[in-house]
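Okay, here's what each chain looks like letter by letter:
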Amino acid sequence: MRRYLLILLSLLSIGFLVADIRVMSSVNRNAISLDDQLQYTIRISSNSALRPKEPAAPSIEGFSFRNMYSSSSQQTSFINFQRRVEISVEYTYIYLPTRLGRFTIPAQTIVVDGKNFRTSEHVINVVAGTSTRSPRSYSPRSPFSWDEPDVMPDFGRSLDDIFLQSIPASSTVYKGEPVIVSYYVYSGSPLGSFQLDNEEDFPGYGKSIFFQPDKLNLERVQHNGKTYNRALIKRLVLSPHNVGTIKVPVLIGSARLYSLGYQSRSLRSSTSQITVLPLPENGRPLDFSGAVGRFRVSENPVAKQTSVGEAITYSLIIEGRGNFNQFLVPSPPGNARFRISKPQVADNLTAGVEGRRTVIYTIIPQEAGSFTLPTFQFSWFDSESGSYRTFEGRSQELQVKPSSMLSQFTDLLGGDKGRRMSGLLDKSNYKSYRLYTVSLWFWLVVTVILAAVLISVYLAYRDSLKYKNPTRYAKIQAEQALTKHFLKAREAAQRLSPDFYSHAEAGIMSFLAERYKLSNRLSSKEKLEKLAEHGLSEELQTKLDIFLAHCREAKYMPVEADAAGISEDLKRLEELVRLLVESKRTKLV
Amino acid sequence: MKKLIILLLILISSSLSWAQTQQRTDYAKLLSELDLQAKQGVEDPDLYYNMGVCHYHLNQLALAKLSFLRALRLNSAHKQAQHNVAFIRQLSPDQDLYPEQQFIQRLFYMLYDWFNINRLALGILFFLALSGLCLHWLLRYNPQKEKGLPVLLLSASCLLLLLFIGTTIVKTYRMNHNNKAVIAYDNCLLLEEPDPASNSGRSVSSALMVIAAETSGDYTRIILPDGTGAWVKSDAVLRVVPLKLK
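Chains as they are written, first to last, in our numbering: chain R, 5 to 593; chain H, 3 to 248.
Honestly, the hints are just simulated from the structure, not real lab data.
Quantities reported herein were computed from a predicted structural model and do not represent experimental measurements.
The beta carbon of each residue, even a glycine, is placed where N, CA and C say it ideally should be.
Take the hints with a grain of salt, since some may be wrong.
As the list claims (entries may be wrong) - Simulated DEER-style distance windows between Cβ atoms: (1) R:Arg341 with H:Leu161: 54 to 60 Å; (2) H:Glu102 with R:Leu290: 44 to 50 Å; (3) R:Gly569 with H:Lys147: 23 to 29 Å; (4) R:Val306 with H:Leu60: 58 to 64 Å; (5) H:Gln103 with R:Arg122: 43 to 49 Å.
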């Protein structure tokens, strides 16, 4: 039993560990002229790290090998909480055709991780172009370099027999349909180099570079009964967005010619026009994507079986030439039983107008059962037939099984918290969330802190006066002492206590001592004499003298407390305090 | 032996299937209890959070997200609700609409969320007390000495106090005027105008978080996570704070 389980687990593990390696080959075109170059690409892709052995350049009959380059890429995506990685390596080989005919690129054996993979064969037709290749082409010239031409100049031809010509691939196109315009320089004399200076544009189109040669590939051609050296300067793609007639861009540049020395000639390309037709309203499908061109549309159907929650992919492949960069990919059809992602687009395009676009939809079944998948559609305007066409995918049956046991543990094995929904909180008693900012205690604490701050500021201010304004500080201290003793005196007066006189005298003397900085060693009489020096009025001095004498008399010769007398003395004291406070206000301010 | 293994597998899958059905029933029952409390006016983030979990297990993604957002409206630091909002976002076919956030942005939002209103209130008390103490220290500082340190501390604590007060005001305002909403159903058509004829050709899926900007008749103007605006039918928008409560 244990052995069977181990075998079962091993088989399952192998299923996870085996890398999905795919090897494909492709060519940039199946029919080329002698002027063109062939690009043969071998693409190796896998869902894990790749260790391919670099394939040798295949030997192709009728072609000569020129160059090779490679590139690699890695794409990571998360589908249904599963990380998916696609690593790919591309090897591109450049060949030049050597003769006309039909040739086959043989199937190649590619070794990846010690395993052999076979590519498919490709048949290439090499056809005669509009021109014939020069039997002996001299060294390719960069516009920025110069080689001595090994062709003798034709001294009978004028050096002015040179022109720049724009040749649109089509003179009539539909609105939005891209059209390629080629610019050739024709020269009767040997052409050394060409310097492109400017491009003059006209309204009604958008443009992009389709092909920009990095050297002058000269060829001998016949034009109007004369033989010329011709070289391609540039190929542009125009995307007309106005109906009517549009003018193609004009190229401006200068050519250097060889004839008993080197001479320059300024050139301006000929003016060409293209007629742009509107897209017909009749027969336009409701889901027309805006695609205009010559497309072939196909699909990669999904797997026939899957489980709930497991992602499967569906690919719609659009190939050909058209306004790839101007149309939207079709939206996924709606269906409650499936969650279909927004499409991912993988482009392999030249100048955004020619090549292959793969639109990938990820489908996640939501429930178990046997279902018919929604069909995917794509509508475009076929410029070849001048009509709208619609591709409709085949109807597919899909068996969806309940989620597997292993998928229950996917999250556990993943160990990533973000892949799981957090569960219920163990709470049964709910109370409305209380904001502290609307609670009484919060504002009480704020009030206490603010009050403490205010008190602190006040005390600090008062203390700071000791250094900043000692006179004012003394005044405040004296006032406080006076007030303190005055309050005690009043209290004693209310009790008819003889202490009234002690407090009254102490208050007045301490006030005078603090206020006027009188020494405590002086007697009361001496203090009063000193007050005269501080500008205290004679009337106030007299009153003080009388009151203090009365206090001393009452203090040292106590008699039975007389309510009327104490009340009278309290009034006198209040009067004295008032006068003292007012006198120092006027003096100290 | 083969029969035994097959029998074992059948038993396990049957029990899993039964457990799933039982679980759904339990969640539905719990949800009705929680819903009753919510209708009685109890506004507890944990209550909304548990409602969200129930909605999720009943396959109601939009309502689940709405509940989690309601929990976060009250307590932006609710960790489980944050986690589940992010989780539902991962499931969304429209997740491309959510802008990619740089590290600094993420850090800022993380801090902003962690400081819920109650934490900010405690921060206010702390920095108010600290500012008071610093002021007291500064005022009592020996006038003969350089006052750089107490001035620096007082400035820093006052600045932080102002920051906390400002953030609390902003958060409280946003809590009371929360315009967040969730798309209620899949394939919700986006319109360019509040008019069924102005179909933009785009649609969004359920549980997409949007901002409900304005209402016109039966239509609501929403702002998608990528910042673009569109009109949808008002019944497609589930508001975190229902209009009548605003």
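Q | Violations among the numbered hints, reported as their numbers in ascending order | A | 2, 3, 4
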